[in-house]
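Novice: Starting from the given sequences, assemble the full structure and let the hints guide the process.
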Amino acid sequence: MTSAELAAIAAQSPVWAFEEARKLVERVKRTGQAQVLFETGYGPSGLPHIGTFGEVARTTMVRHAFETLTEGRIKTRLLAFSDDMDGLRKVPDNVPNQEMLTQHLGKPLTKVPDPFNKFESFAHHNNAMLRDFLDRFGFEYEFASSTDYYTSGRFDEALLHMLRNFDKVQAIMLPSLREERASTYSPFLPVHPKTGIVMQVPVEKIDADAGTIAWRDPDTGEAFETLVTGGHCKLQWKPDWAMRWYALDVDYEMAGKDLIDSVKLSGSIVRALGKNAPEGFNYELFLDEKGAKISKSRGNGLTIEEWLTYAAPETLALFMFQKPREAKRLHFDVIPRAVDEYLQFLAGYGKQDWKGRLGNPVWHIHAGKPPAPEVLHHGADAPAATVNFAMLLNLVAVANSEDPAVVWGFLRRYAPGVSQQTHPRLDALVRYAIAYFRDFVRPAKVYRLADDVERDVLARLDAAVAAMPADASAEDIQFEIYNVARPTPRYQDFKAKGATPERPGVSNDFFNMLYQVLLGENRGPRFGSFAALYGLAETRALIAKALSGELKSEHEAFLESRKKAA
RNA sequence: GAGCGCGUAGCUCAGCCGGUAGAGCAUCUGACUUUUAAUCAGAGGGUCCCGGGUUCGAAUCCCGGCGCGCUCACCA
506 MTSAELAAIA
516 AQSPVWAFEE
526 ARKLVERVKR
536 TGQAQVLFET
546 GYGPSGLPHI
556 GTFGEVARTT
566 MVRHAFETLT
576 EGRIKTRLLA
586 FSDDMDGLRK
596 VPDNVPNQEM
606 LTQHLGKPLT
616 KVPDPFNKFE
626 SFAHHNNAML
636 RDFLDRFGFE
646 YEFASSTDYY
656 TSGRFDEALL
666 HMLRNFDKVQ
676 AIMLPSLREE
686 RASTYSPFLP
696 VHPKTGIVMQ
706 VPVEKIDADA
716 GTIAWRDPDT
726 GEAFETLVTG
736 GHCKLQWKPD
746 WAMRWYALDV
756 DYEMAGKDLI
766 DSVKLSGSIV
776 RALGKNAPEG
786 FNYELFLDEK
796 GAKISKSRGN
806 GLTIEEWLTY
816 AAPETLALFM
826 FQKPREAKRL
836 HFDVIPRAVD
846 EYLQFLAGYG
856 KQDWKGRLGN
866 PVWHIHAGKP
876 PAPEVLHHGA
886 DAPAATVNFA
896 MLLNLVAVAN
906 SEDPAVVWGF
916 LRRYAPGVSQ
926 QTHPRLDALV
936 RYAIAYFRDF
946 VRPAKVYRLA
956 DDVERDVLAR
966 LDAAVAAMPA
976 DASAEDIQFE
986 IYNVARPTPR
996 YQDFKAKGAT
1006 PERPGVSNDF
1016 FNMLYQVLLG
1026 ENRGPRFGSF
1036 AALYGLAETR
1046 ALIAKALSGE
1056 LKSEHEAFLE
1066 SRKKAA
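Numbering (my numbering), first residue to last: 506 to 1071.
Since no wrong hints were added, every one of them can be taken at face value.
List of simulated lysine-lysine pairs, DSBU-like, C-alpha gap at most 30 Å: (1) K780 <-> K528; (2) K699 <-> K710; (3) K1050 <-> K1068; (4) K1069 <-> K1057; (5) K828 <-> K762; (6) K623 <-> K1069; (7) K534 <-> K762; (8) K673 <-> K769; (9) K595 <-> K623; (10) K623 <-> K699; (11) K828 <-> K769; (12) K1068 <-> K1057; (13) K874 <-> K860; (14) K833 <-> K528; (15) K860 <-> K833.
Hints in this document: simulated from the structure, not taken from any laboratory.
Specialist: Laid out in structure tokens, this is it:
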């Protein structure tokens, strides 16, 4: 497959990333430009959330699609721009040192001390976290700080240009505002020379030649004349966006649907300044489990760390790739599904033709180079099988253990020869499954105490297990279990296959009792297999704890401690 | 008020540029040399929200409704 052939197929692809990229191809044809700049915006007024990540992930997918379409002939850059000169408007609920932050309301975020006491400022902290996440995913990007750009003078020319076009900007902005706001609105926000606060005040006079605005402190009445350049003024958000597009020649920037009106206004402004607005599209928002927009300051919805506790980064990328125009609820339930879909797409990739591959999410997630899937073989001639998350969750529950080695014991029983070394990503998957089990499955367990009949049969089961050799097979154990339960009238089943009046079968009720009392579940594994793998000594200990009531009380204590932690 | 999205099996959803409805879970039946569930096979179940239009043909495209949800109208 040559890059030209690939580009030809991509040119026909209905995948959204290619649709977006084709808009850029058209743009390049129109302008003849030799480079394309992608921008993603980030407001560091709170911890970076999953939507921020999603924007970078999706933009990167468009970027890669564009490079495929143009066979790498057009240089591309991705600028992750942090609007860190913005004034702190509200103290986020989910950070420490609330009182301290309150003292600095209104100051540029790069002048607000870091409530975590680790960085030069709150913005520096949040910027660092964002970069951390982006680096962890291996994104290629250039980080840009608004404060740096303003203070270094990189925006000066554009700022002066906007000052000269002050009336045009106002003509666009004012009709979008209510009367009382419109009467005081200014695109330029001077930084107060004494308090350092980003002021929202009416401009009394502009001097385009001197590059200054005149304004008045509303509290003291003191008059000031401030340069719009050099970081002495910040722009209001929409003009700021437009100015950035103008100054940097941004070609592509996507935004959430909450910003549709803003994109239009900023686009009008940049055109009034004499340049084209970037291409872009509006994605739907991420919602929390109640269907509300997730927000940095409220900290609702899933965080990136939370997702990464239970699943690999590429599964989150899959979530971002799929249906960007549809609202998606972001809560824990969607993780197992995302993981299994990812594994399925990965497993299918090798068998697809190139048209199929370009439509396969893993092609976009891994920039055209998805890794080979890790497969298991149940016997030498058996077809390759992939272990999915749902199955692993079952396994972990079956193992009744949060030790990866125990889970691997089950895996090796299925496919001898596999190990953490041969299947590192499967090992990671095992650990994710364990984390998910610990946090979501285990808390849902309900242990009950055994009644007298059950205590009797459990005691006899314990004795039977004690009498077995340590290396008893799963089948032997299973056989003994039947013999233990058979004399107990409650569990006798005369309708069972092979049952006779003298030798009844054992009903499912017996096994259900074991699961409820020993595992806190209504379902469970074949018990002989479980005991063989879990260990006979461990099984006896489990029975002892069930009989003493410890299982139940320990689980209740566990639930209680979770409640307190939350 | 404006914008965006959704409406397909009991539940959660796939159905990519139009070609006689699919998956997972759930339910039911059966297999697995004494009856489990890390397994397998099979079954049942849908006016694809409604009404028009385009077409030989529409879940899919267009128009109009209805219902649900979200977002923006202060700030970012």
